[in-house]
Each structure stands twice: as structure tokens, then as C-alpha cells.
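Novice: Listed below, chain by chain, are the residues.
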Amino acid sequence: MRDRPTGEELLALVERIEGGDGSIILPDDERYKELMIAGARAIAERQRDIGDGPEKRELRELTRILGAEVSLADLNKTLAAAIRAGDHGPGTADSAAVGRHLWQTALERVRESNPKVLGPLGLE
Amino acid sequence: MGVNKDARDRLRDFLTKAAESAVTITDFRRLPGGAVQENWLLDITVAGGDWPGKHNLVLRRDAATPVAASHGRLQEFQILKLAHKTGVTVPTPCLMGEDPAVIGGPFFIMHRLTGEAAGHRLVKRPPDDALVGALGAELAKIHAIRPEGKALSFLDRPQNSPALDAVARYRHWLDDLGAARPALEWGLRWLELKAPEKAPEKADVVFCHRDFRTGNYMVDGSRMTGILDWEFAGWGEPEEDLAWFCARCWRFGADEREAGGIADRKPFYDAYEQASGRTIDPARIAFWEVMAHVRWAVIACQQAARHVCGGEESLELALTAHVVPELELEVLRLTGAGEGEAA
Numbered sequence: 008m009r010d011r012p013t014g015e016e017l018l019a020l021v022e023r024i025e026g027g028d029g030s031i032i033l034p035d036d037e038r039y040k041e042l043m044i045a046g047a048r049a050i051a052e053r054q055r056d057i058g059d060g061p062e063k064r065e066l067r068e069l070t071r072i073l074g075a076e077v078s079l080a081d082l083n084k085t086l087a088a089a090i091r092a093g094d095h096g097p098g099t100a101d102s103a104a105v106g107r108h109l110w111q112t113a114l115e116r117v118r119e120s121n122p123k124v125l126g127p128l129g130l131e
Numbered sequence: 005m006g007v008n009k010d011a012r013d014r015l016r017d018f019l020t021k022a023a024e025s026a027v028t029i030t031d032f033r034r035l036p037g038g039a040v041q042e043n044w045l046l047d048i049t050v051a052g053g054d055w056p057g058k059h060n061l062v063l064r065r066d067a068a069t070p071v072a073a074s075h076g077r078l079q080e081f082q083i084l085k086l087a088h089k090t091g092v093t094v095p096t097p098c099l100m101g102e103d104p105a106v107i108g109g110p111f112f113i114m115h116r117l118t119g120e121a122a123g124h125r126l127v128k129r130p131p132d133d134a135l136v137g138a139l140g141a142e143l144a145k146i147h148a149i150r151p152e153g154k155a156l157s158f159l160d161r162p163q164n165s166p167a168l169d170a171v172a173r174y175r176h177w178l179d180d181l182g183a184a185r186p187a188l189e190w191g192l193r194w195l196e197l198k199a200p201e202k203a204p205e206k207a208d209v210v211f212c213h214r215d216f217r218t219g220n221y222m223v224d225g226s227r228m229t230g231i232l233d234w235e236f237a238g239w240g241e242p243e244e245d246l247a248w249f250c251a252r253c254w255r256f257g258a259d260e261r262e263a264g265g266i267a268d269r270k271p272f273y274d275a276y277e278q279a280s281g282r283t284i285d286p287a288r289i290a291f292w293e294v295m296a297h298v299r300w301a302v303i304a305c306q307q308a309a310r311h312v313c314g315g316e317e318s319l320e321l322a323l324t325a326h327v328v329p330e331l332e333l334e335v336l337r338l339t340g341a342g343e344g345e346a347a
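Residue numbers (this note's numbering), protein chains in the order written: chain A, 8 to 131; chain B, 5 to 347.
Heads up, some of the hints might be wrong.
Unchecked claim - Part of the chain A face toward chain B, derived, beta carbon under 7 Å:
#1 P34
#2 L42
#3 M43
#4 G46
#5 L66
#6 A87
#7 P97
#8 A100
#9 S120
As the list claims (entries may be wrong) - DEER-style ranges, computed between Cβ atoms:
#10 A:G126 x B:G76: 37 to 45 Å
#11 A:A88 x B:A207: 48 to 56 Å
#12 B:A207 x A:E15: 49 to 57 Å
#13 B:S226 x A:T70: 51 to 59 Å
#14 B:P56 x A:L130: 54 to 62 Å
Derived by calculation from the structure, the hints in this document are not laboratory data.
Model, not experiment: these values are computed from the prediction.
Note that beta-carbon positions come from the ideal geometry of N, C-alpha and C, so glycine has one too.
Same shape as in the complex, but just chain A (with noise of 0.2 Å):
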């Protein structure tokens, strides 16, 4: 699932930058500003291109993991606790589906934030 602020978010925040709306702490530092609005965009715009195959993805695997029909976000919460229970992840008869599926996504959204840092990885 992807994080707040969502790459749309973003971009609604550096229209408002762009706009002139002085109530965003900006870094003093012109440069590293630019850079910083910069990204935002990249973000959004790799979000956009992406698409929603990700969270489909996501959804489709937690449902067969968890075998529950819920929201991807309770699917999320639901998995969370269980991991910290020790019902699945580390050590438990699944972890491999398990860790499996929290590789693919934290690799669908490293896509989206910075796949730059998947290249030293072997990951690309």
C-alpha cells in the first residue's frame, strides 16, 4: 500500500509551493530545494506510469495469505499483528510466502521512490 503523502499528494503540495503558499517549511538552501521538488515529482510521476498493478498484487497476495476478504489496508493490519504475534513471518511454518510477498512489495514501491538504489542491489 502506498505511503502519505501519495505521489498525487506530492504534487498538490509543489503546486502550492510553485503557487506561492508561504506555509510549507522549505529548506533555505535554493538548490536543494529545487531538488527536493524535484523528486516529488519523480515520485508522482512513477506512481502514475506504474499504475495500480502493485496494489492489485498486494491485495490478491494478503487475501491468499490471510484468506480474508477485507480492505487492503486491513489486510495490512491484520498481517502486521499476526507477524508481531508470530503467527506468520520469522520462523513460522509460511515464512517463505510471507517474506516472499513483503519482498515484492517493498521492491514494487522502491520502484516508485527511489529505484536508483536497486542498480547496487542486483535488483533492477
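Following the hints, position chain B against chain A.
Specialist: Just chain B, lined up with the frame of chain A:
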């Protein structure tokens, strides 16, 4: 959070009273960085008294909304004073201002160091074994800090395993955020299963900086001029600091230089071992590196929440939310989830 002219005048009056002589503020502006605390450049001239002349200072105060586990400015000032007294290379602490009437909240003032702290710039320099060795020796000095009497009595000493305490703390922080983060829960569960159950021997509990990393020390030329940002310091295992320094997330993209993006681990470890008399256990470092990524991810979630629902709209805080996925990926990689990565 800005400082208006009235606050600047009140600060001048505060300094005049402390110096027992007329003070002129010649420059006062916010320094870049410092998402958790604000650092302000403060240049003053004192007319007479015990400190006549020009002084280049830094004023440090809380950001608009606090982050869990960050000490208040009074506590941080006490820690900085003790570190300075013990001989750790730090900015000289000067004054504490507790009266919120001055600039809206507590603050302290210290001497300004020369040099560069920005991690993304430091890692672009050639590998520097001497610098990383100096940092290893400096960390050993920090770990040798032993407060006398009631100094730092506000810091809890671990009664249980510091690792298990940390797992409980980070779960608590996630709960406070209402955040469901299965990948971080995976990391926390892995840490819980691998952590020693018992409290370490007293000799194995040291004073930890807890944010000892590239970006939090100043370098002037080839010389390390001071360790900064003591707001998270407390008692813990030495490997926590060593691992934090080496964690991939603090190499600023210079991943092949595993000691802070500055050099290899060996000169860092060698200098630390020589200065501290301890032997580093790489397995314990690996354990604490998982903890480092979990910790930074939870703090990043807290910072994002400040933007999303904390009433502190900030482009930097907003973007910090998008650091979390790569931290989660690293937690999963280090713990062997998915892709056949080795645990």
C-alpha cells in the same frame, strides 16, 4: 518556525544578561538540515565583560513538533557538557536558555565548528582511512563516558536486554503512529527471535551516542572537528553505535565503503578496538544493522506523520516518507526474506 525581530531582541537581551556586557547580534539565520531539531547560525559581538569580542555560535532548539525519544534541549545540553568535559571532540557548550519567553521554547548555544557535515558531500571525497580511524577512536571515547554522581540520571539504564528493549520501543512507536508496517514487523520479530534474552554484563553496557553517523560530524580538510547531535544518547550496547555508523542507509550511496561511506570497515574497527580494548563481534554488528534500518524506518514514519497529520507541512518531511520503502527492503534483505537472500 521562524524568529521575528522581537524574539531576536529578547535573545540579545538574554545574551547581554549572561555576558554581563552589551551584546550585538550580527547574524542570525537557520542552518540547513536538522529535521528533528533546528540549528541557527548566531554571530555576536560582546562589548566587554569576561567574553569580549566576536563569537561564532550555533543556537539549537526544538523543531515545531517533537520526535519520540529525542531528548529535550536541557538534557542534550547536559550530555554535551559531559562529553566535552570527558574529552570527546564536540562543540564547546556555552549557555542554556530554558525560558520559553525568549524565543518560544528551550534552546542552547554552543561554539560553531568549522568544516563540512553534509553526508552526500563527504562521501564524494576519496576514501579516508585516517578520518574513519579518528572516528573509531572517538566512538571509543564516547563509550568510555562514565557520569559522576547524578549527572545524566535522567537516562534509564537497561534492566533487560537492550535489544529487546529496543524492539518493544519501536513497536510502541509504530502503535503510536497507528501504522501497519508488516515489513518492519517482520524485522522486529526477527530481532526478537535473535536477541539475547538477558541483560548484558554491566561492563558491556556503555554510553551510546545513538546517532553516530556520517552527517553528524564535522570535517575540516582532513580533520574531524567535532561530533554533533546528542539528542538520542543513552545507555546501550556498543555494537548499536558501530552498526549505526556502518549501516547501508548512512553511506549516502557510497555503498562499497561500508564504514559510513567514507572507508572500509577495517580501519574503523581497528581504531575502535585499539582505543576501547574491546573486540568487535561481526555477528553482533550484523544484528544491530538490522535494528539500525528498522529504527531509521520508524523515525522516518514519525517524520512523515509530522507532515501528513502533525500540522507541520514540510517538503523535506513529506519526502522522508519515501525513504521508508528502501529501508524496509534492506531489513528484508538482511533477514533473508524473499529473493533467496541469506539471513
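Novice: Could you run down the list of hints and mark each one as holding or not?
Specialist: Hints, one by one, checked against the model:
no.	hint	in the structure
1	P34	holds (6 Å)
2	L42	violated (10 Å)
3	M43	holds (5 Å)
4	G46	holds (6 Å)
5	L66	violated (13 Å)
6	A87	holds (4 Å)
7	P97	holds (4 Å)
8	A100	violated (14 Å)
9	S120	holds (4 Å)
10	A:G126 x B:G76: 37 to 45 Å	holds (42 Å)
11	A:A88 x B:A207: 48 to 56 Å	violated (38 Å)
12	B:A207 x A:E15: 49 to 57 Å	holds (54 Å)
13	B:S226 x A:T70: 51 to 59 Å	holds (57 Å)
14	B:P56 x A:L130: 54 to 62 Å	holds (60 Å)
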